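Build the full structure now, drawing on both the sequences and the hints.
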Amino acid sequence: MAAGRSVVSARRQDAFEGLMDRIAAAADLFGAFLRFAIGDAEEEEE
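Quick note on UniProt numbering: the sequence shown kicks off at 1 and runs consecutively.
What the hints contain is simulated information worked out from the structure, not anything from laboratory work. Among these hints, one or two may not hold up.
As the list claims (entries may be wrong) - Pairwise CB distance ranges, derived in the manner of DEER restraints:
no.	residue 1	residue 2	range
1	A15	G39	47 to 55 Å
2	A27	G4	29 to 37 Å
3	G39	R5	48 to 56 Å
4	S9	F30	30 to 38 Å
5	E42	V7	32 to 40 Å
6	Q13	E42	39 to 47 Å
7	A41	E17	30 to 38 Å
8	G39	E17	26 to 34 Å
A quick note: this is a predicted structure, and the numbers were derived from the prediction, not measured. Think of the CB as a built atom: it goes at the ideal place given N, C-alpha and C, for glycine as much as any other residue.
So this is what it looks like as structure tokens:
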């Protein structure tokens, strides 16, 4: 029975890590968008 729990736990851990990877990728994209948007705004001011 303990082996079954560890398999479920490992699957949950994998799912959690996958979710964290997706959140990190989304944050990277958002950061890139902000840098792009701020860069455009600074160019328009000049």
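Looking back at the numbered hints, which does the structure fail to meet, lowest number first?
-> 1 and 5
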